[in-house]
Amino acid sequence: MAPSYNAKEEDGHQPGATGHGGAGTMTNKKPDNTAFKQQRLPAWQPILTAGTVLPAFFVIGLIFIPIGFILIVYGLTLLIDYTGVDMSSPCYNCSQSYSWNNTQSCTCSVHFSLDQPFESNVFMYYGLSNFYQNHRRYVKSRDDSQLNGDKTSLQYHICTLNRCSKECEPYRSSDKPIAPCGAIANSLFNDTLELYYIDPNGSRTAIPLVKKGIAWWTDKHVKFRNPSGNNNLTVVFQGTSKPVNWRKPVFELDPLDSDNNGFINEDFIVWMRTAALPTFRKLYCIIQKKPNNMTPTLPRGEYILEVTYNYPVRSFDGRKRMILSTISWMGGKNPFLGIAYITVGSVCFCLGLVLLSIHYRYGKRNNSAEISS
Amino acid sequence: MPSSNLVGNRERQFVVVIGFSLTLYLTDITWEVRANSRHFHKHRRRRSFLCFRWGRYADNVVRSFKYSPLTFLPLTLYEQFQRAANLYFLLMVVMQCVPAISSIPWYTTTIPLVIVLSVRGLKDLANDLVRSLTHPPITRLSPSLSSLTNWRGFTNVNSLFFLSIPTPFSLCLPFYLSPSFLLLFAPHPTPSLPLSLPLSGIVLCEEPNSRLYTFRGELHWRGERHPLDSEHILLRGTVLRNTDTAFGMAIYTGSDSKILRNVGQLRVKRTQIEKVLNKVVIGVMLFLLLMALLLAVGSGVFQGRVSSQIEVLSALTRGNSPIYTAFLTYWSYVILLSPAMPMSLYITFEMIHVLHSLFIGWDVEMRGGVERSIPAQARNTSLNEELGQVGHLLSDKTGTLTQNRLLFRQCCIAGNVYGKDELPSLCPTSASPQTLDLSWNPFSCGGLYLSDQRLVDKLRGQQCTQSRQFLTTLALCHTVMTEWRNGEGAPVYQAASPDEEALVGAARELGWVFLSRTRDSLTVSELGVKRHYQLLTLLDFTSQRRRMSVLGKTDGGLKLYCKGADIVILERLQKDCPHLESTERALDLFAQSCLRTLCIAERTVSEAKWEEWSKTMAQAAMTTRNHDDMLEQLHDDMERDLKLLGVTAIEDRLQDGVPETISLLRQAGLKVWVLTGDKKETAVNIGYACRLLDPDTRLLEGDELRQLLQSPDPEITFSKGKGTELWCVDRERAGEKSALVLTGPELVNIHYRSKDLENLLIQEPEWGARFMSLAGLCQSVLCCRVTPGQKADVVTLVRKNTASITMAIGDGANDVNMIKTAHIGVGLAGVEGGQAVQNADYALAKFSFLQRLLLVHGRWSYRRIAVFLRYFLYKTCSFALVHIWFGFFNGFSAQSLYENWFIILYTVFYTAMPVECLGIFEQDVSAECSLSWPELYKVGQRQELFNTWLLAATLLHALYTSLVLFFMPLGVFYNSALDYQTMAVTVSIASLFSATIEIILLTRHWTKWSVAAMCVSFGLFFKSPVDYYFPGVSQNAFPSPVVWFTALLTAWTAVLPSFTIRTLNIILTNPDRHRHGPVELQKSGFRRGDSHRRSSYAMSQGRGIGRLITSGASRRITFPPVDRRGTLGDNVTLAGQTQSDDAPKNITENGSSK
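Chains as they are written, first to last, in full-length UniProt numbering: chain A, 1 to 373; chain B, 1 to 1154.
Honestly, the hints are just simulated from the structure, not real lab data.
One thing to keep in mind: the hints can contain errors.
[Unchecked claim] Residues from chain A that face chain B, not an exhaustive set, calculated with beta carbons under 8 Å:
#1 Trp-44
#2 Leu-48
#3 Arg-136
#4 Arg-137
#5 Asp-219
#6 Pro-255
#7 Thr-274
#8 Lys-282
#9 Phe-349
#10 Cys-350
#11 Leu-351
[What the hints assert, rightly or not] Keeping only pairs whose Cα atoms sit at most 30 Å apart, straight-line, the calculated DSSO-like set for lysine-lysine is:
#12 A:Lys-140 <-> B:Lys-458
#13 B:Lys-530 <-> A:Lys-37
#14 A:Lys-37 <-> B:Lys-123
#15 A:Lys-242 <-> A:Lys-289
#16 A:Lys-37 <-> B:Lys-269
Ideal Cβ positions, reconstructed from N, Cα and C, are used throughout, including at glycine.
Chain A with its partners taken away, still in its complex shape:
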């Protein structure tokens, strides 16, 4: 860029401009003769030429392409589809037999192997596809005040004039008010995933899955709160009924950790943070790196994924997946972003080349003509 600082107050009186100049004399006379009113504010007027603009294409191209490569290279991802669509897949039976009303658990185990060891913390996700979690009606079907611990939204039976929001329709109440109400909560993902490492000697080692810290801190502590007043959630949620599709009430979601129950159950919170697109993944748990740091978190080898198959997706042709991913400083591996960066960077660079050739072919003649005239 070749900036030219054009302080117009200084060159305001061009002799060749007009026959009736004299702004200078007026400056003293008229109090309202400010630079603003006379449109003579000092200003920076960049003078753009091919020499200043063309490098931008190359610079941006040269910045974007490496970023793209970094984004592609870093991070590892493994994706296991355990929906059980194929006859051959281990979960086929479960998927065929299951519906929401089933009370019988169905389990299946999926074998897979890791070709590369996963270092550092590994994040385990479950993924769903064709599940329109961003449908407007679905997104609206929740009661944020209830989830924030507002007792009144737990306790009423009858819609009063000021409190009857349609937010949770049609999952507002059956005979008792539902807690948590709404379609989102009602469709909580309830498959259980367990991961086992198979030692070369054949023995199975359960891999510890940490369920804490998978939800946003703000969600867990600000947005979602259990109704206060009593530490005993059973008492708090007395008089409410569980969502229709749930097997167990909200205060029994995590049998292992009593602090992870109620509305602040992290799985629940993660689910309630609706996805942007119909195909999405949600954080299921974290596999923390080994404290000694000598062996990778997930060494290469054979694994078994044990699925307690509860969640039906067959009706809408959905898919269920388990995803393992490492996370670098820029988040999880994101091949699309990397490719996009490389593409846009290259396009930029090529455009720069094309424009440069145009500049040499036509621009020069044009400019020299301007100058000579």
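Dock chain B against chain A, hints included.
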């Protein structure tokens, strides 16, 4: 005498009878006014409450404000909801309140709507307050009497009057706002009216209307009916002269009066940009409605095919049929997509307009008048950008290009040229020309612009009879009248044309003082010696004759004093006239200096000849057949064998800077047309003087023009015809070097007896188109002898046949039509009343400010507004259309991709300020450069910055951006753990980035405000929580690099096309070449006219008032104090003559010479 005193004095004598009643009398003559029955009809007075009115007659108070505390709210709301846009947004608000379809909450539209309504309401209120605080503009209509204060008159600030009794003479001269005489006659019965009051009578007339020049009515008085027409009425603001007392009756009062009806209606003008914008807005609306429809169909299909399979979703829509869902979704999408057409567009647009108008008013370089006290004024605040697109400038001549001040500059007597040979343009401010010592002359009161001691010496030395005769002629041959005021040593001259005033004034300065005139005598003081001339006959000026003569009788015998156009006089000279050759040389010399010349000649007439001639004249007056021809013959007979005395040269003073301005405007690609009521010669002369015509410009006029127009394709004939001429090298040049001179009446007489040319051009589109295509090839068009109505017709002609923007500029009441008809009307403030300014969109103090108004303010405005609008559409469309694409991925459920508050704040805060700064501060080149590169103006004329195609490109770019804004994040977020709210924030940031990058690319003039606006907008987004409804998102999404990488890449990809095109533009056209600073213009020296060009006869306007003068019937004549005794008797006889109320129109030459 100050005019306020005048009002006071006269009103006491003036009986204003206000009283009204209504009877249905005739079908259209339904307005009844009764004299002196005030109490009787008082209850019919118009009253109003809020916006309801009843009653028939307006009271005589002219309210210039429309709001009261009580009526403000309902009135302003009523007015604002008449705008389609506001209604549309109100509809949106109502729809958003329906929960079933409300895709975004109600306040997203309500808050901006309330802001818009209150801003506009407050603006109207402020305007109204200003109007009510300052004088209502109408009262300023009271005419400026400064130059003519010797006329007895009064200002009638009341309303429209029917003048009943002018006394003691039946004839008064109401002085309208232009210096032309209109005669006013009382109807027949009135002169004998007793002065005893009250009168009684009924006037039945038309309903109040705006037609100034027509009136129909009847006076019922003492059982008789007298028809009334426009000659009997006085308009509000009229000055009545020549009478002390008049009785009248108010017919229309207050807001009913014709002037008010006429003035108050500023036609709503729409700029070309607005029209294009509206078209595009409607197009975008239709597109949005169509998209909403398609998405609604999609939602119906989705519900039928997909969501029925998903238990979760089917439960939500249980009970609704797909069609019903689609119906609801349609409206949801209409709401969701509505931010693409934000209402802030219109309000910001309006605010920028207002600010641009203020800039025009603030510009010190456009202040004119004494001490630069008159600022330029944008009376219509919504036309600014059109100032940058003007293609045709139609200008009045008198008072606009010229100062309407004629200066006696030079003369040639007996072959000797007196006076300095100065070019008028070189000494615009010769304020002190009085280098001559004229103290010997007691009547001298300054104002002589000819300074040549030789002439004075010659005159005083009694040596040269010819020069004495020359001045005698100047002092005698005219129709000027004098008025003597108390305490003044010299008479004040009242002339029908300024030329005469200049000539008689010059004679006075040089010692030949015209003292007074009666019906048949003239008194002149010649170097202190008082002489009476008996006025035998006065052969008046007409446009055909182009000369006037006075036959005077003194002791020395009879002499005919004649002055006239050179062509006319030179052919009537006696044989072997001395000094002919040198005088012709002088004529050429004067013509080169663009002076208006008159030849002065005399002839000695024998008594016998006069006797014979006057007899024949008397006979001729009796005959009715060939009356005009015979008169012509007789005049010709008298005005021959003249002896040439000399030539006068009068400078028609151009206004300051007019030639420079016109040549600059011509360079800027404007076609400057001059429309004048003057004769062709005058107009052409001025055309040369103000560089509208180049010295070698070929004038196409008369037959030639008609032949060209008759040919089927004038353009071809035109260029062919040119090809034969030597000086014409190529067609291009031929066009530049010719001008059309349109003299309507002349052409009529040649070929189209029924219609004059302009009517022909206007009424027959084919001819109009031909004429315009021809005019397009020429450098200018001069229309001479056009009436105010024809001026407007010419404007209409241009508007009809070209796409270019027309601007009309004028200063007088006769330009009002034109000013109102043109796209932009400019009135020159100051000189001639306020009529032009009242009706104009812009008021300037000087013509030369036009260059700044157009080339600087107009060009900037056009660029700013064009860029502003394009950018605004881009940013809102690209922002809102994202929802269309998102619909495909959320089951067409009208889910919004933005946080609710972001939708409001995006247009109001996050992206508004930088573009507002652009709309206010942007300057592609500085003011100085704009003026030194006038061709930059052509961008606006060609509509290069704002046209349908460019807007379509902008909208395509917006569409592309919206695609990128959605699909780039889609790729990133697809099958990822990032949630909906993070994606919303990412898309928000990306759209904000792309909008900001785009405005950075557009802003070429970075003031501190632009930088601040950019920072503040960005700061507002990141500082104020993004998460009004998305708690915690900013804390979780902002630290995430993916969000930033995505947003950056998206924004860059979105602006890449426009960046590339801009770069290409820079490479190929180097648009910044004008920014390096103003370049000294090559001043093309003002070449003098070629010698073949003769100057024009220096008499303005049509027929003179000679008859009136010589009839003697009408004038209140004042005399020099010493002479009062002697002429008293004369005065009495004059008064007696007025008993015959014959209109002076019927007084013939014959009668006058008796």
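Okay, the hints, checked on the actual structure:
1. Here the hint on A:Trp-44 is kept, as its CB sits about 4 Å from the closest CB of chain B, short of 8 Å.
2. For A:Leu-48, the suggested interface contact is upheld, since its CB lies about 5 Å from the closest CB of chain B, less than 8 Å.
3. The interface hint given for A:Arg-136 is met, as the beta carbon of that residue sits about 4 Å from the closest beta carbon of chain B, less than 8 Å.
4. Given the 8 Å rule on beta carbons, the hint for A:Arg-137 holds: about 4 Å separates it from the nearest Cβ of chain B.
5. Below 8 Å, beta-carbon pairs count as interface contacts, and A:Asp-219 has one with chain B at about 6 Å; its hint therefore holds.
6. The interface hint given for A:Pro-255 is broken, as the beta carbon of that residue sits about 25 Å from the closest beta carbon of chain B, more than 8 Å.
7. Hint on A:Thr-274 holds. Least Cβ distance to chain B is approximately 5 Å, under the 8 Å limit.
8. The interface hint given for A:Lys-282 holds, since its Cβ lies 6 Å from the closest Cβ of chain B, which is under the 8 Å cut-off.
9. For A:Phe-349, the shortest C-beta to C-beta distance to chain B is roughly 12 Å, which exceeds 8 Å, and the interface hint is violated.
10. Because the beta carbon of A:Cys-350 sits about 11 Å from the nearest beta carbon in chain B, more than 8 Å, this interface hint is broken.
11. The criterion of a C-beta within 8 Å of any C-beta in chain B is met by A:Leu-351, whose closest approach is roughly 6 Å, and the hint holds.
12. With a C-alpha separation of about 106 Å, the suggested pair A:Lys-140 and B:Lys-458 falls outside the 30 Å cut-off, and the hint is violated.
13. Only pairs whose Cα atoms come within 30 Å are accepted, and B:Lys-530 paired with A:Lys-37 is rejected, the gap being roughly 61 Å.
14. Between A:Lys-37 and B:Lys-123 the alpha-carbon distance is near 20 Å, which keeps this suggested pair within the 30 Å criterion.
15. As the CA atoms of A:Lys-242 and A:Lys-289 are separated by approximately 36 Å, the hinted pair breaks the 30 Å bound.
16. With a CA separation close to 26 Å, the supplied pair A:Lys-37 and B:Lys-269 stays within the 30 Å bound.
Against the hints set out earlier in the document, violations occur for numbers 6, 9, 10, 12, 13, 15.
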